[in-house]
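**Student:** Listed below, chain by chain, are the residues.
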Amino acid sequence: MIAGRSGGSAPRPAIATMTPMAKLTIDLREGFDDDEVVVRVADREVFRGRVSTRMQLGLAHRVETDVVGPATVTVALGGATRSLEVDPEATPFVGADAGGGDLALRPQGEPFRYM
Amino acid sequence: MDETNDSSARVVALREAHDREERWIPWRRLEVSGLYAHRVRPVPPRPIPIPTPQPLPVRPTEEELGWLDEDEARDVAAALEGEAGLPIPGRPIPGRPIPIPWFSREEIRLDVDGRYPQRTISGTSYRFRRPPIHWVASLRPIRRNLWVGGVWYRDPNDSAFPYTRVIVRAQPSLYVHQRQVTVLFAGGGASSRQVTYRFRSRFFHPVELEFDHVEDADPVLEIETCAHPNRPSSLPCETLSVSDVFERAGFRATVGSDNAIPAQDAGPNTTWSDAEMHDAMQTYWSRFADRPQWALWTLFARLHDLGTGLGGVMFDDIGPNHRQGTAVFTGSFISQAPGSDPSPAAWVARMRFWTACHEMGHAFNLAHSWQKHLGSPWIPLSSEAEARSFMNYPYRVQGGESAFFADFDFRFSDQELLFMRHAPYRFVQQGNADWFDEHGFEQAGLAPSSDYRLEIGVDRDASRGRAAFEFLEPVVLQLRLRNLSDRSAVLDASTLLRQERLTVIVKRAGAPARQWRPHARYCLAPRSRTLDPGASMLESLFVSVSPEGWLLAEPGTYDVQVALELDGQQVVSNRLALRVEPPRDAQRFEQERIAQDYFTEEVGRVLAFDGTRCAPLADANATLRDVADRLADSRAAVHAQVALAMPETKPHRVLRIDDRETAEFVLEDGEPAQVDALEKVFAERRDLAETLGHVDLSYYTDRVSHALVARGEVERATRCAQQVRQTLQDRAAPEELVAEVDRSLAALTPEAAAE
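If you're matching them up, the sequences are chains A and B in order.
Under this note's numbering, residue 115 is the last one in the first sequence; the count climbs by one each step, no gaps.
Under this note's numbering, residue 1755 is the last one in the second sequence; the count climbs by one each step, no gaps.
Okay, chain A solo, but in the shape it has when bound (with noise of 0.2 Å):
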């Protein structure tokens, strides 16, 4: 807008709103030996592969993706399948451990720590 102009101002052009991505991290960590794993998330695959759990760490493999606002994680293995709420800007980070043919997710505001 130029200043000065008397009278009204001159109509605004149109500005495009753009919603920032936020980064999503899912962490494959206990309980998978040699598994074939399915990770959706928005109903996009971002991963498919076999992991296997390094024990040491407890963390078989990580996923990361940019997600735009609150997406739904979805984790397939083998028969079992869970899914998840998540804000990335609240909980930016999800676990999901295996164990007894079925799967758990957990999503949290902090890395989650390995040693």
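Simulated from the structure, these hints should not be mistaken for laboratory data.
Cβ atoms here follow ideal geometry from the backbone N, Cα and C, with glycine treated the same way.
Mixed in with the good hints, there may be bad ones.
[Claimed, not checked] Ranges of calculated distance between the beta carbons of each label pair, as one might list FRET restraints:
id, chain 1, residue 1, chain 2, residue 2, range
1, B, Pro1236, A, Gly69, 53 to 59 Å
2, A, Gly100, B, Pro1236, 40 to 46 Å
3, B, Trp1152, A, Glu36, 37 to 43 Å
4, A, Arg50, B, Ser1340, 41 to 47 Å
5, B, Asp1265, A, Asp87, 35 to 41 Å
6, B, Ser1340, A, Asp87, 25 to 31 Å
7, B, Ala1520, A, Gly49, 52 to 58 Å
8, A, Arg50, B, Asp1265, 29 to 35 Å
9, B, Glu1063, A, Arg50, 54 to 60 Å
10, A, Arg48, B, Asp1461, 53 to 59 Å
Assemble chain B onto chain A, guided by the hints.
**Tutor:** For chain B alone, kept in the frame of chain A given last:
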């Protein structure tokens, strides 16, 4: 903790503290826990009469108690009276004698006092040619320095160690050389066995720890245990080092040098990947080797590629030897004290220290406390989710970190200590592999000094430390047994010919070791031979093939080692490095085609026996003729010609069966053409001595010469022998071999031909 301390000074300080600990500590001299050993003079296994099978007696026998004094025997008998049954109930082994086990060295680890005693005794008995036997027993005190216990673990579980209970008596002393432990092994249907072990160390195993740090990391190798207010009220205030932690776990820890590693070794992203750490380990660790050893390396770096969420890792889980390298990331979450912590600097130092001990615990094959039941534990284990151990994450327990450290004594759990101290050492030792693969003859506990030295070699130069053999070329070793003493020794002249007394191990890189065995055993009349001081006897050994198959066939690198049983001892040779080359480009197709028929049991047998005229082995002879004709320039062709010619050097007894199935032995003359062909090879080849070896060349020359003389060809025989003699002399072959050719020459006379 001052984070700017010079790291090298830190290592020196650790060493000095360790040395001070090792000096006069009076109460330690009255403790009996530690490593004890017993060395056995090997005797051949001999069956003993088997006891009549009967139910295992609950009461100890007179044999078991007779070695104790009256009061001790009464107390042991009372302790075992009505024993409900041991975890591994003994049972008689019917039907066959139980041999006295041929153990060459035995050691026990008595764990009844000192730091975190486990009331356990374990033992390892080393047997020549077989894996060691490992056993573990829990102990109950009977009276001072006397325990009884049941054997609950055996590996392998075989009849060489049938015992089910032990009676242990320790004899402490202020003087280490007088300390001993006597163990009576009983039960399992076997006669009891009593062994006295002498003190070796108050530690169960040694371990060498080496620490390096990246320039931008802050290593912590010791802490003040009372620096942080959140701690058990009973925790002693002391300066605790990483080596102290492992010494209290039962390891004699020595600390190695401390390098400062350039940060750029982490690559442009300044964080470390597992591969980069592995490269750094190979570069900076002074003890790096692809073999098991009680040694590990710890790197202090700033961050891993996984970011601040990874506080440390035992990264060495690739390649054939795992668990030798660990890392601590001082820029990770372990350096971020909670905002409410009353002593952030002490919190950080404690976490870095804790993480170092935790990762090093993984190098000893310890799992996380909550994972004990997973994988393949050495014994059934239960998880210890609430354990106050280095192997549990402090934030995983109920109440989190504050609850953990309020109750943490800077130690490993009893279950973990039991494993580290008493599990078969191959489960614990860093980088361990299967028996022999990296141990050679070490486990047999061979006599460190001997009056003899056994040398194995080949009569050719080594390239890059390995003697090279052509593809298809048989490998013939030279054995030399030398008298190292200052007095003459009288030995059987056939000592090196008695191949059943040789243990020959051939190992190809990356493959399990294999034992060579002879195709035949020879019953030889004993003949004495005096070996003067410094003198030696020589023999050859064709080691390429065993009755079970070819040991040296595929291209690659090999190691060979030999042990000779002599006067109740094992005399072990040097380790000989060899290389089998791939097929030569010019004749690759021919060599690989012939190899399909060459590397067979039949051809191996023919070569081992220096030829045959036996009809069932005609195909093997055809293959050797193929080698001699199509690969005439090769060294394999020399051996083929030898095998084809040797049976023709003298009349050969052949079994003939006629149409009426009547069998008779017929003496047939040798085929002159084959001998002539070999004579031509001897005249033209310049590599005879290299491929046949001096010993065999001398022998074959003698056979060829006498065959020629038998045909009246004295001049040819003499010329052949003289050529070989010159070859041996030019190569500075041992004098006794040249002398043998001289003796052969002297016998090549027209009179001998007439005979």
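**Student:** Which earlier hints can't be squared with this structure?
**Tutor:** Checked against the structure, no hint fails, so every one of them is satisfied.
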